[in-house]
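J.: Listed in order, the protein sequences are those of chains A and B.
All the letters of the first sequence, read from the start, carry residue numbers 136 to 227 under the numbering used here.
All the letters of the second sequence, read from the start, carry residue numbers 10 to 393 under the numbering used here.
Take these hints with a grain of salt, some might be off.
Have a look at the derived ranges for each label pair, beta carbon to beta carbon [stated by the list, open to error]:
1) B:D194 x A:A150: 51 to 61 Å
2) A:R215 x B:R124: 14 to 24 Å
3) B:D34 x A:R143: 18 to 28 Å
4) B:H223 x A:D158: 28 to 38 Å
5) A:G179 x B:R316: 45 to 55 Å
6) A:E174 x B:V319: 38 to 48 Å
7) B:R23 x A:V178: 38 to 48 Å
8) A:D158 x B:E28: 34 to 44 Å
9) B:D34 x A:V178: 50 to 60 Å
10) A:H173 x B:P35: 26 to 36 Å
Honestly, the hints are just simulated from the structure, not real lab data.
Positions of the beta carbon are idealized from the N, C-alpha and C atoms, including for glycine.
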Amino acid sequence: MCLAIPARIHQTADAETRLAVADVMGVRRKINVDLLRHESIAVGDWVLVHVGFAMSKISAEQAEEQIRTLQALGEDDSARGEAEGYAFGGVV
Amino acid sequence: MKFVDEFRESSIVRKVADEIRACVDPSRRYSIMEVCGGHTHAIFRFGLADLLPPNIDLIHGPGCPVCVLPMGRIDEGLEIANDPNVILAAYGDMMRVPGSRGSPLESKARGADVRMVYSPLDALRLAESNPERRVVFFAIGFETTTPATALTLLRARERGISNFFVFSNHILVNPAIRALLEMPDMRIDAFIGPGHVTTVIGCESYRFIARDHHRPLVVAGFEPVDVLQSILMILRQLHEGRAEIENQYTRAVPWEGNPAARGAIDLVFEPRESFEWRGLGAIPASGLQLRDEFGAFDAERHFGVTRRAVADPAEARCGDVLKGALKPHECPLFGKGCTPERPIGALMVSSEGACAAQYNYAHLKTTLTVGASDRDVATPSVDR
Ligand code: SF4
Numbered sequence: 136m137c138l139a140i141p142a143r144i145h146q147t148a149d150a151e152t153r154l155a156v157a158d159v160m161g162v163r164r165k166i167n168v169d170l171l172r173h174e175s176i177a178v179g180d181w182v183l184v185h186v187g188f189a190m191s192k193i194s195a196e197q198a199e200e201q202i203r204t205l206q207a208l209g210e211d212d213s214a215r216g217e218a219e220g221y222a223f224g225g226v227v
Numbered sequence: 010m011k012f013v014d015e016f017r018e019s020s021i022v023r024k025v026a027d028e029i030r031a032c033v034d035p036s037r038r039y040s041i042m043e044v045c046g047g048h049t050h051a052i053f054r055f056g057l058a059d060l061l062p063p064n065i066d067l068i069h070g071p072g073c074p075v076c077v078l079p080m081g082r083i084d085e086g087l088e089i090a091n092d093p094n095v096i097l098a099a100y101g102d103m104m105r106v107p108g109s110r111g112s113p114l115e116s117k118a119r120g121a122d123v124r125m126v127y128s129p130l131d132a133l134r135l136a137e138s139n140p141e142r143r144v145v146f147f148a149i150g151f152e153t154t155t156p157a158t159a160l161t162l163l164r165a166r167e168r169g170i171s172n173f174f175v176f177s178n179h180i181l182v183n184p185a186i187r188a189l190l191e192m193p194d195m196r197i198d199a200f201i202g203p204g205h206v207t208t209v210i211g212c213e214s215y216r217f218i219a220r221d222h223h224r225p226l227v228v229a230g231f232e233p234v235d236v237l238q239s240i241l242m243i244l245r246q247l248h249e250g251r252a253e254i255e256n257q258y259t260r261a262v263p264w265e266g267n268p269a270a271r272g273a274i275d276l277v278f279e280p281r282e283s284f285e286w287r288g289l290g291a292i293p294a295s296g297l298q299l300r301d302e303f304g305a306f307d308a309e310r311h312f313g314v315t316r317r318a319v320a321d322p323a324e325a326r327c328g329d330v331l332k333g334a335l336k337p338h339e340c341p342l343f344g345k346g347c348t349p350e351r352p353i354g355a356l357m358v359s360s361e362g363a364c365a366a367q368y369n370y371a372h373l374k375t376t377l378t379v380g381a382s383d384r385d386v387a388t389p390s391v392d393r
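Start from the sequences, fold in the hints, and give me the full structure.
T.: Okay, here's the thing in structure tokens:
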């Protein structure tokens with residue numbers, strides 16, 4: 136819960152719901168990007184996600200590094216489980 | 010173990026470990042607290058304490074939100090869930106945390122409608138799809154999860170949803186650090202600052218630690234080299250008589266944090282006068298409650314929750330471990346009455362809790378040899 140999960144934006148956010156489509160640990164889900172409203176978020180950008188919300192924009196290298204760290208900590212399965220559990224965006 | 014070895018044996022890790030050894034003053038002891046549960050997990054997972062000289066003591070701080078939640082709060086949440094009209098939605102981390110009459114999972118087995126969710130938006134969705142029920146979100150976490158709860162509440166208000174409630178157990182990092190620094194028996198020389206919390210609250214928020222308490226804090230990433238590098242930065246500050254806030258994790262943490270996330274928190278929440286922390290006691294302005302404008306969503310107001318103070322089991326030493334006064338394995342219940350499978354204290358539940366982290370990785374001690382020292386010989390053998 137304290138470790139963020141990297142996600143790659145696949146489709147930018149809907150203006151009303153602020154939900155973007157992203158690839159999160161190999162799972163395609165909607166995530167909320169409202170907290171990054173002051174930044175430009177484009178397709179292909181990486182963000183760090185906590186409980187369904189993108190909290191910061193990161194580089195591709197940093198995303199890769201974070202995925203490696205999650206793997207090394209043995210947290211990648213539970214991170215994937217969390218991403219799979221995001222049901223609020225409905226079926227993507 | 011491939012990744013762990015790769016990380017530990019990388020030349021950069023060795024280099025930083027060497028620099029640390031060259032830098033320490035053998036005549037003094039250093040107590041460095043990592044505030045974040047993610048760092049606690051990383052330190053045990055990678056066996057980082059073994060890479061350090063024996064006079065550097067890593068103290069595992071109160072940075073695991075389920076670990077510091079007092080039993081009474083769990084009981085209160087489960088009391089709400091006993092109402093047959095209520096669906097209690099909680100994060101997975103919460104499900105096995107023991108209250109005085111069992112965990113959320115055990116409540117569920119006894120018939121309460123407890124559901125696991127991965128996002129507060131999922132709890133809101135439950136409310137929308139079950140209009141005849143009342144859905145209570147058991148909100149926990151530091152500033153990493155609070156903005157998510159805040160935005161979910163804003164959304165609930167926008168959509169006029171009236172069967173959604175939040176039982177707020179959100180807590181703040183800095184009041185806890187302040188309370189630790191003000192404890193008379195506490196000796197912490199410096200802090201390793203939380204990585205992802207700082208992406209929200211920003212580095213400036215730690216200023217008081219340097220200014221009022223003359224302790225360094227270095228915000229760190231989660232890889233072994235990050236943690237070691239931050240320790241080196243701390244040692245340099247201590248030796249030069251400096252107390253500054255530094256950011257080792259610049260590649261992910263902007264100095265100013267995320268003002269939009271802080272704005273969302275401020276809009277919805279306000280500090281409680283005081284909040285009880287397991288092991289640390291009541292800490293002023295350390296917990297968040299819903300503002301009056303959001304009173305209609307406040308589970309505590311709606312369900313009239315009765316405050317309970319529940320003492321930990323007599324032998325459990327969770328409080329002392331949280332304060333760093335005791336190492337996890339020095340608790341008489343460690344690995345005996347209390348295991349990750351059957352936790353007595355919350356520090357055994359989450360991989361970010363010091364007891365679970367030490368228990369889970371105790372078996373690594375024999376396989377890891379890089380720069381090993383004998384300072385942790387007291388690590389128990391664990392029956393598994
Ligand atoms: S071993 Fe269990 S009871 Fe003892 S301090 Fe750790 S969590 Fe608490």
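J.: Has the hinted range 28 to 38 Å been met by the Cβ atoms of B:H223 and A:D158?
T.: violated (46 Å)
J.: Does the hinted range 38 to 48 Å hold for A:E174 and B:V319 at CB?
T.: Holds, since A:E174 and B:V319 (Cβ atoms, about 44 Å apart) stay within the stated range.
J.: Using the Cβ atoms, figure out if A:R215 sits within 14 to 24 Å of B:R124.
T.: With a Cβ separation near 20 Å, A:R215 and B:R124 satisfy 14 to 24 Å, so the hint holds.
J.: Taking 38 to 48 Å as the hint, is the beta-carbon distance of B:R23 and A:V178 inside that range?
T.: holds (40 Å)
J.: That 50 to 60 Å hint for B:D34 and A:V178 (C-beta), does it hold up?
T.: holds (52 Å)
J.: Could you see if the CB distance from B:D34 to A:R143 stays within 18 to 28 Å?
T.: Violated, at about 46 Å.
J.: Does the Cβ distance between A:D158 and B:E28 fall inside 34 to 44 Å?
T.: Roughly 38 Å apart at Cβ, these two residues keep to the hinted range, so it holds.
J.: Between B:D194 and A:A150, does the C-beta distance stay in 51 to 61 Å?
T.: holds (54 Å)
J.: Take the C-beta atom of A:H173 and the C-beta atom of B:P35, compute their distance, and say whether it sits inside 26 to 36 Å.
T.: For A:H173 and B:P35 the Cβ distance comes to about 49 Å; the hint is violated.
J.: Between the beta carbons of A:G179 and B:R316, is the distance compatible with 45 to 55 Å?
T.: holds (50 Å)
Comparing the model with each numbered hint stated earlier shows that hints 3, 4 and 10 do not hold.
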